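Given the sequences, and given the hints that come with them, work out the whole structure.
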Amino acid sequence: MFGLSPLDPPLPMPEGIDRSGFKQLFACYRIDSVSAVFAGRVASHPQRVVAEGEAAFSVGDGRVRIQQRFHLEVENRPLEKFVVQVPSELSGNVQVDLISDGKTTSGFVLQDESIVGTTPVDAMRKMIVFPVPLQPDHYVLQLRYEQPWTTSVERGPGQQRLVVPLIIPLTGEFSGSRLSIAAKEGLSAGLADSMRRVWRPATARSSGASDTQDLQAIQPSPLVVIEVRWAAPVVHRLRIDSWFRSNTRIDCWLCKFTSAREPLRIQLPLRARETLHARLDAKPWRAMLTDKDVLEVPEARDQRTLELFYEVPLDSSGLMTLVNPARPTDEVWVGETYWRFVFPETRHLLWPPGELQREYRWQWTGRGWGRVSREIETLNSIGDRGENHVPDGAHRYLFSTLGPPPELRIGTIERTWLVVTGSGIAFALGAAFFKLPWLRRREAYLAAALILATIGFLFPEPSLLLLQSASLGLLAILLVWALKRSLVFYRPFLGPSAGLGSSISVSSNGLKGSSIYRHSSNRSRTTLGSSRAAMASAGHVGAMGPTPAVTAEAVSKGSSHRPGDSVEKPTAREA
Numbered sequence: 016m017f018g019l020s021p022l023d024p025p026l027p028m029p030e031g032i033d034r035s036g037f038k039q040l041f042a043c044y045r046i047d048s049v050s051a052v053f054a055g056r057v058a059s060h061p062q063r064v065v066a067e068g069e070a071a072f073s074v075g076d077g078r079v080r081i082q083q084r085f086h087l088e089v090e091n092r093p094l095e096k097f098v099v100q101v102p103s104e105l106s107g108n109v110q111v112d113l114i115s116d117g118k119t120t121s122g123f124v125l126q127d128e129s130i131v132g133t134t135p136v137d138a139m140r141k142m143i144v145f146p147v148p149l150q151p152d153h154y155v156l157q158l159r160y161e162q163p164w165t166t167s168v169e170r171g172p173g174q175q176r177l178v179v180p181l182i183i184p185l186t187g188e189f190s191g192s193r194l195s196i197a198a199k200e201g202l203s204a205g206l207a208d209s210m211r212r213v214w215r216p217a218t219a220r221s222s223g224a225s226d227t228q229d230l231q232a233i234q235p236s237p238l239v240v241i242e243v244r245w246a247a248p249v250v251h252r253l254r255i256d257s258w259f260r261s262n263t264r265i266d267c268w269l270c271k272f273t274s275a276r277e278p279l280r281i282q283l284p285l286r287a288r289e290t291l292h293a294r295l296d297a298k299p300w301r302a303m304l305t306d307k308d309v310l311e312v313p314e315a316r317d318q319r320t321l322e323l324f325y326e327v328p329l330d331s332s333g334l335m336t337l338v339n340p341a342r343p344t345d346e347v348w349v350g351e352t353y354w355r356f357v358f359p360e361t362r363h364l365l366w367p368p369g370e371l372q373r374e375y376r377w378q379w380t381g382r383g384w385g386r387v388s389r390e391i392e393t394l395n396s397i398g399d400r401g402e403n404h405v406p407d408g409a410h411r412y413l414f415s416t417l418g419p420p421p422e423l424r425i426g427t428i429e430r431t432w433l434v435v436t437g438s439g440i441a442f443a444l445g446a447a448f449f450k451l452p453w454l455r456r457r458e459a460y461l462a463a464a465l466i467l468a469t470i471g472f473l474f475p476e477p478s479l480l481l482l483q484s485a486s487l488g489l490l491a492i493l494l495v496w497a498l499k500r501s502l503v504f505y506r507p508f509l510g511p512s513a514g515l516g517s518s519i520s521v522s523s524n525g526l527k528g529s530s531i532y533r534h535s536s537n538r539s540r541t542t543l544g545s546s547r548a549a550m551a552s553a554g555h556v557g558a559m560g561p562t563p564a565v566t567a568e569a570v571s572k573g574s575s576h577r578p579g580d581s582v583e584k585p586t587a588r589e590a
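Residue numbers (the numbering used here): 16 to 590.
FYI, nobody ran anything at the bench for these hints, they're computed from the structure. Among the hints, a few may not be true.
Stated by the list, open to error - Computed cross-link-like contacts, DSSO-like style, restricted to lysine-lysine with a CA-CA straight-line distance of at most 30 Å:
{"id": "1", "residue 1": "K199", "residue 2": "K271"}
{"id": "2", "residue 1": "K499", "residue 2": "K450"}
{"id": "3", "residue 1": "K271", "residue 2": "K298"}
To be verified - Label pairs and their in silico Cβ distance ranges:
{"id": "4", "residue 1": "R260", "residue 2": "P299", "range": "22 to 28 Å"}
{"id": "5", "residue 1": "G408", "residue 2": "L493", "range": "26 to 32 Å"}
{"id": "6", "residue 1": "L334", "residue 2": "P151", "range": "53 to 59 Å"}
{"id": "7", "residue 1": "L285", "residue 2": "G333", "range": "18 to 24 Å"}
Note that the coordinates shown come from a computational prediction; the quantities given were computed from them, not determined experimentally. Using N, Cα and C, we set each Cβ at its ideal position, and we do this for glycine too.
Right under this line is the structure:
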C-alpha cells in the first residue's frame, strides 16, 4: 500500500515552448513509497493553418476583374480569424465568401486588425472574423474585386502596362500561388518582363482557353505587372526543336496564334531563307518573305497553327555556340516558349542557359545519374505531330520561358574531350595522392571534400558530367595501385658453381675460419674472384705446405657442396 498526495504549486512549462497554442492543466502527485514525482499535462497541439493561393485576372475594356482563392487546411484547433495584407493600390471593394463542403457563405467583411485600447497596428493589415470558429477541416476563402484602368491611346495598335494588386495571407503557412491571365476578344494580356523572375510557367496546364496564361510562384507577390495589347497578333504557345549536327543546326518551329487585325510577322535568322519550308494548318504553304528576311502570315480571326523548318550553319567558337532562332517581331505578343535542344550521342551540354528554365531534373536511374524530362505533359499541350521523334541515344534538353525565345550562347563539348578531360584530372589527382604523402592526411581529405562539394554546388551539371567521365582515369590509377601492391620483382641469386675448379677467391680471411665467400653490404650479389686469383692463392697455399684448415671439407663447407659429396680433382694445368 502507498498513498498519493497532491503537490502545490504545479511544475512550470519548459522554456522555449509557445504557450499560446496549449491548454495547460497539470496534475502532480508524489508516490510516498519511493519519493518519486510524476507530472501529467492535458494539452492540445499548436494550431496549424496551411494556405495555398490561386488568382485569376480577366482583362476587359477599362477594368481588370480579380478573383482570389485561398485553400485553407485548418488543423488541431478552430480558426477564429484570418489575417491578410491588402496593398494600398487596391481601390475597389472586396467581396469575401467562404466555401465549405460545396456550400457558399457570404457576408464577410475586411476589418482593421487592432488591439483593444490602442490604434490599428498597420493600415494594410486586415482580418476576416468568423462568427462561428472554423473547425479543423478544408475550406476555400474567395475574394473578388475589380481594379479600374484607362486606355492612354485610342483603340488600334498600342500597348499599356498595368499594376494589379493582390491580397496576401498572413495567417498560417503559405505553400505557393498560382495565377492565370485571360483577356477578352480584341485584347491580349500577359506578364511583364520584369515579373519573370517571380512567376514561372505552371507545371500542370489547365484545360481552359488557349489564350489563358498559367503561372506559378513559390512566394507571395503583392503586386503583379501585366501588359495589355490590342489589335496585335498573339502567339499563345511556341515550340522550337533545335537539332545540332557537326556543322549545321536544324530548327523545327511550331506555334499556335491568332491575328485578327494584323498579320503575324516572324524574323528569320541569317541564311535560313534558302532552306525554309512552311506549313499552315498542317498544309504546305508558300511563305511570303520581305527583303529583311521577315515572314508574314495573313490575318485570320480563328486560331491557326504555323510550322517552319530551316537549316542554318552552326556558329561555334571553342566550347561556346551561338543559337539564334526565328522569333516573332516586337509587336507580337508571345505567351510561352518551349525550346528543346537535341544533340548527337557524342555531344553533351555543359550547363543550362541562364535565360531559360529547365524542364528536366537529374535523378538516379539505376545505373547512374541521368536526366528525366517532363516532355510528355508539356509538349502535348502544344502539339506533337510525331515527326520530330528523337532517336535512341541522342541527348535532349527541354527548356521554357515566358515571352519570345532569346538569343543564346550555350556551352557544348564532344564526348572524346569530355572523357579525356575527366580521366586526366582523375589520374593526375590519384597519382598525386600516391606520390605526395601529405595528401594522405585527414586535413587533406577534409579540404578535398569541401572543395568538391563547393564546385558541385556552384556548377552541378558540369561536375556531374566530369564525374561520370572520370571512370577511365580512376580505373587506371586503381590498376597502378594494384600492381604496386601485388607484383614482386624477382632478382636471381648468383651463387658459386658446383666444382672446385670454379673461379672462387680464397683469401687469407678464409684461412682464418671465416666464410670463404664475401657478400656485399646490400646483399644483392656475391663477391667472386677471378680464376687467376684462385690459382695464385692455391700456389701460395702449396708453398706453405698442407694446412688442416684448407681441406676438401673446408672448401665444401664454404661452398654449395655438402660433406660426403664427390669432389673433382684439379687438372694438371691447374695444379
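Results of checking the hints against the structure:
Taken as a hint, the K199 and K271 pair is honoured in the structure, with Cα atoms around 18 Å apart against an allowance of 30 Å. Distance restraint check for K499 and K450: the Cα-Cα separation of roughly 12 Å lies within the 30 Å cut-off, and the hinted pair is therefore satisfied. Under the criterion of a C-alpha separation no larger than 30 Å, the hint pairing K271 with K298 is consistent with the structure, at around 14 Å. One distance hint, 22 to 28 Å for the beta-carbon pair R260 and P299, holds here, with the actual separation near 25 Å.
The hinted range of 26 to 32 Å is satisfied by G408 and L493, whose Cβ atoms lie roughly 28 Å apart. One distance hint, 53 to 59 Å for the beta-carbon pair L334 and P151, holds here, with the actual separation near 57 Å. A hinted range of 18 to 24 Å for the beta carbons of L285 and G333 is consistent with their spacing of about 21 Å.
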